[in-house]
Structures are given as structure tokens and as C-alpha cells.
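Engineer: Since the structure of chain E is already known, use the hints to place chain H on it.
Protein chains in written order, with the working numbering: chain E, 282 to 539; chain H, 13 to 576.
Only part of the chain E face toward chain H is listed, based on derived beta-carbon distances under 8 Å: (1) E295; (2) R469; (3) Y470; (4) I476; (5) M477.
Just so you know, these hints were derived from the structure itself, not from any lab. Beta carbons are placed, not taken as given, at the ideal position from N, Cα and C, and that holds for glycine.
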Amino acid sequence: MKIAVLLKQTPDTETKIKIKSDASGVDETDIKWIINTYDEYAVEEALRLKEAVGTGEVVIVTAGIKRAVESMRQALAMGADRGILIDTEGLTLDSYTAAVILAKVLPNEKFDIVLAGKQAVDDDCVQVAHGVATLLDWPCVWPIEHIELSGDKKSVMVVRPVSGGTKEVFEVGLPTILCCDKGEHDPRYASLPGIMKAKTKPIQELKAADLLAGETPKVKWVNFSLPPDRQAGKILKGEPEQVCAELVKLLREEAKVI
Amino acid sequence: MNDTPSQYPPPFQVSDYVTKLTSTPDKQLPVGVLIVGAGPAGLAAAIRLSQLLETAPEIKQSLGDFPIAVLEKGKYPGAHLLSGAVINPIAFRKLFPNLKESDFPFYGPVEKESVYFLTAKNSFPIPVPPTMKNHGNFAASLSKVGGWLAKKAESAGVTILPETTGSKLLVEDGVVRGVRTGDKGRDRNGSPLSNFEEGVDMVAQATILAEGTQGHLTQTAIEHFKIKGPNPQIYALGVKEVWEVAKPLDRVIHTMGWPLRLGKKYGEFGGSFAYPLGKDKASLGLVVGLDYHDASLSVHDLFQEMKCHPIFRKILEGGKRLDKGWGAKTIPEGGFYALPKRLSLPGALLLGDAAGFVNVPALKGIHYAMWSGMLAAETIFEALRGKKDLKSAETLKSYDTAVQKSFIWKDLYQVRNMRQAFQWGFVPGGILAGMMTVTKGLFPGGQFRAKADSEQTLFLGNKKYVKPDNKYTFDKLSSTYASGNRSRDSQPNHIKISQDVSEVVGEAWIHMCPANVYEWHTTPEGKKQIQLNPSNCIHCGAITAKGGRLTPPEGGSGPEYTEM
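Bound-form chain E, shown alone (with noise of 0.2 Å):
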């Protein structure tokens, strides 16, 4: 079972974004790089993919500037056995051109799983895995909480959430591209055997601009900005009747909601 892992190296959290002062973009200099927590989960579904198979191999493939490789090494840490690093640096990809690149390397490796992140928690635009998925003419099903391979390893058993508690089943054939949500299991710690192991495991190193072949994002940014700060709340105390009418009338016209 050959499986890969698109994973992105996004900021933590818990950082405070900081725009730069000519709005170009955000100020990079305070931020913590994280693996895109979703793309975590991805990367311990698949190797327990690769644990209930008892071979194969993880693949770890990440578009982004040399930085990123920390986070790589994290996942090579966690049992990942490579990585191929797509260096963009100098160039700004949008979620499209990062597909083409993407979709670009995968099929030189014939793998029969890819698993993505339901979405990156910096740009949250939930765009790169489908865009794959479109490229190379493969099933993709968005989101997923859990993964179980067939007997005959030609299939999987996917189960989606949708709204309201339901749960949608599917069973989708190989080679297929899977976006992980906050699943059943949480990612495993990296063991320290591991993070030893992790800094000689190979890492591949490809570049962005040689896979675009002159393909240009769709998307130009103009501007950005900080969400406004968001205001105090409001108590209101009272008889219940009184709260109730004030706080109906509050909704109406200060929130506008109702």
C-alpha cells in the first residue's frame, strides 16, 4: 500500500497575525510553523493504513519554502518513511496552482491513497485536495472521520459527517483522494527512536517553478486586513420579563438579526 500525505506547514494556532505594515500580506517574523492540524490526522490515518496492511509505504509531499521541512520531519518523526518538498520559493502559488503542481508529481508515484487535511487553518480556502482530485480525474470524498481498506485492498470504506449527525458511507475505488477531519484517533506522538530516525529519512527535493509549465494563479491578492476587534458582550440584568423585551428589541435593532 503506497500512501501519500499532502501536508502543509501553516502557523500555530494560537499565534497572533500580524499584518505587514503595507498590507502585502502577513508579517512572518513572531510566527510558530506547525503542521496543518487536519493534515495531522492525515498523517496518522495513514500510517495506520500502512500498520493494518503490514507494508507500504508513507510519502509525505508538501508544497511550500524550505521551512516547511521541520514540519516534514515531524511526520517522518511520527513513522512517515519520505518526503518529497515541491520548493516554491519565490513564488506565490494560489490553491489552483498548487493543485497543478501537485497533481503533477503524484501520478510519477502511483500511489493508491492520498490523504489531505479537510482544509489548511491558515487560508481555510478547502480547494487544493478537490483541485487534485479534478486534474488527475480521481474520487475525492470531503470530509472524512473514518478510513477502512477492503479484503481485497482495491477499495476503501469511507464515513463523511453531514449535518444534523448523519452520517454519509461510502465505499470508493483506488486510487482516490481522501480529506481528513478531526477523526476517531488522534495523531500519535513522535517517538523519541523516531525523531532520531526522522532527521536521516530522504527527503526529495523538487521545484515548483519547473512542474508549473506556465501555469499562473487565478487568485491575486489586493489587500489584507484584520478582522475588526470584536466588541464587549452586554448583560442584561432585570425582571425576566423585562430582560426578555429588551433583549428582543436589542436583536432587532442594534443586531439587526431578528
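Structural biologist: Below, chain H without anything else, positioned relative to chain E:
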């Protein structure tokens, strides 16, 4: 009533934290030299040793695939480092001879300094005591310094393992063989979760204990090998904030007196600091010895009150506490006579704050920590080069000699009784300290005795504090949040205390803890007990000084300092 925390010993046995090597080979991880703690001491040791190994490839090879490994319990190197700090750059110069001062991770040289004696409303400048002169020193943030040193170490080939605690000392036949790392992924009751990861035995030719203040394995080693010094180690608790300031602070400021009370009854020894961190930031804090007597004393809240004094308010006016601009940590203050009897053990060395290398009158320890790290590295390298047996007690003893010949020893000896002099109150202590300074420690000479902080009697005073305004003053919970702490809630409790304590001792813990870890709780039987919120803990170590015992939580827990 003579109420002391030591009457309520914690459920902690040193023997639980000393073990033989596991017999399972795949749970053993051999490394060359193992360093516990990625602080100034441990990283200076790692960097110096890697420099020496560069000159001797055959020795480096003999240390295996991982010649130097450093364990760090924090989320990243620097996450648990906190100091004032004004740094004497002597160790940086020695360790990085090819770098210029401007390359070091400092904010800037100390240009002016003032010392004030404070009363509640006023401040009186006093001459800067000779021990406190900072000409030639640099203001810095120690968590940033730690991150910088870690990068230097990694680029020299050192393996740093963050989020990894040293949980047990591996000892066989009286020799320290390495460290068992802490487990990860246990729930509150200690049962393994689905992502449980058992610790491993890091087996090393030599183990360097550079854990800083209140080192878990260091204290375990000191007790197991029975090498306590003549005086017990005593501690101070420092609470610190970093502010964005509207106008640059132009000098280093130290104060004595208010908000501490000077009488012997209170036993309150300490002072405050305010240091410029470049043009737009300032670091300020309050340090109080944990030998105080009033159970209602809270260093956190006293510090909040202190910020309202005109002298500090002037600095902070129009400024803002950084979002991650708060932290607290203990400082070993016992000095010369509280140092362990030996600094080396068969197979292991004690460094920096873990050993107690702090000069209280000079308010310095970082350069001693780094210097001791360099001496440790040189000792180990010489032993390896001479093909000597690192397991023998004699081999590493040359580290003791090296420290005794260094300025660390000379400095600490000169001020050996100064901190203890203040047990008689501020004025007699000040007079004695003055005479000691003039005579370079000759007068009155001898060894002043001291009691452990946990043996100081407590009384329940009724100290009142300012109500937080969330602009200049804050409560403990918002401060704890500003430490960046996001420890996983569902993990076993790492703080060992007796929950059934007297009113006074319970109140003392509740007030002392800057992170709101302790609170009263009434059992269904109607009994009042101390209840713990361990995930609030920022590992300052005060509880160990005051009668409990801190052990390491799951690796990666605790504060995430970036500016401390």
C-alpha cells in the same frame, strides 16, 4: 502556633525516580553525551563540546550516531527560560570568539543605572552598591537567548529533543547511566490513551544535569547520592512582565524597600527591576525570597500593586503588557554554602542554576551557568581524550576542581553570607552586607546558617491587594494565559503535595502560586482540602521550595515564553 509547610511532607519518594536500565533493548536509545535542559548552561556545554569534538574526529566517532543530545521539557528551547535579564557577556565572548558583541542576542548595553529605595509614595535614589554595577553588561530576554543558542548548537550537529522530559535517573552500580524520558499520552488517572507513547532510556557515556532551578533529576541525584551542601538551598520567586512602552526606558532600575515590609516579623527579602529591551519594550519584575512568613503574601499581586507606584507607572504610562508578556520562576538564592558537596557524580555533572550558581547581591547567574557548561564540556572531552573511565568517581572530579579555580567560585565565596544576613531583617542585613562588600567577605566571615524555606514558620496576615484594572494590573488567571500556557488538561497530576494541610499552609500555597494552581475544596465529608489545577502550572518551582514537590508533566506542557 508554629506552622511550617515541612510538617506536611509530599507523597514523594526519591527512590521512585531512580531506576536501573530497562532490559528491553528497543526501549534503549544510546547517545554519546546526554544533556538535560536546553538553557544557557546545557546549551553552552553542548556548543563547547561540539567545538572540541570538531578537533578530534576519532573521539566524535566513538560517541556514536548522536554524539550530543539535549532533552528539553518545554515546547521549544527557550519556552521555559525566564530571567530579568542583564547579562555579563564574558561566556558569550569565550564561546563565540569569532562573533562581535552586536551579533549576540542582546537588546543593548546597559548605559545608565539607578537604584532606589521605595516607600509607598516616594522613591529615594541610593548609590549603586558595588556588587550591582552593570557597566559592560547587556539587557536581554533569556527565552530569546535560549532560542539563539539552540540554533547555534543545532547547526554544530547537536540533537535537541524538545517536548521531552527527564523523568527518572538511570543509576546502576552507583553510576549515572542516563535518563528515562517521560511517558506521553496518559489520562488523568495515568491510564494510557490511544496515542500513548512510553518513555525511553537515553543511555549515555556522561550525563549533564542542566535543568535550571528546582531541577527534578538534579534534586533526585543530590538526595540519592547524599551530596547536599552545608546549608539547605533556598529560593526566591520572581514574577515578571514585558511591556510595550510609549517612550524608551533610558536606564536599568533596581529598587529595594516597598512593597516589601522590612521588619524581621515578615522576613521579606527582595526587590524589583526594570530593564529596557530596545527602544519600545521594557521588562520589569519583582523578586521575593520564599523565606517570608506571612501566608497572605502573593508575589503576583504585590507586583501588580508595585506597578502602580509613580516610579513604574511613569514607565508604563501609555504602554501595554505584551499578549505573551508574563511569567514567573524561582531563583536559587542559597549561594556558596548551599552548593552541593560535589558537583560531579560517577557519570554525571551538575551545572548552572541546577547546582545553585547564583550571585544574589549581583543579581547574576547566566554567565556562571554558561561558564559551568563550558567547563563541563572541557572536563568530559579531556576524559574522553585520555581514554579515562567516565563511570569512575575520580574522572569527573576535575570538573569540581575546574569550577573551584574559576571566577564562579571566587565570586560566590565573596558574597557567601550576604543573602543569609537578611534573615535578621532589612536594616541589620543591609549593614552586614555592606561590611561584607567592603571586606570582600572577610568580615564577619564564617558560615551563616539558614533554614529551608519550607521550615519557616507562617502566620496568616491579611495583606490586601489592588483590584485589577486589566490595563496596568491583572489577575492571576489572565497572567497565566499571558504565559502562553496551554498544557493538555487530561494528564496525570505532576505536583506532589499533601492535600490535608493546616489553614495557614493552605492559604500560603494559594497566595504564593502565581498561576492559580491551588484552591480549597470541601470533601463530601465536610473536610477542607487543597485541590489542584495542575494544567495551570507554569513550573516556577515555588511549591517545591515551600513544602511540595514538582515533577515534570508531559513533555511540551507549561508556559511558552518568547520574550521572558
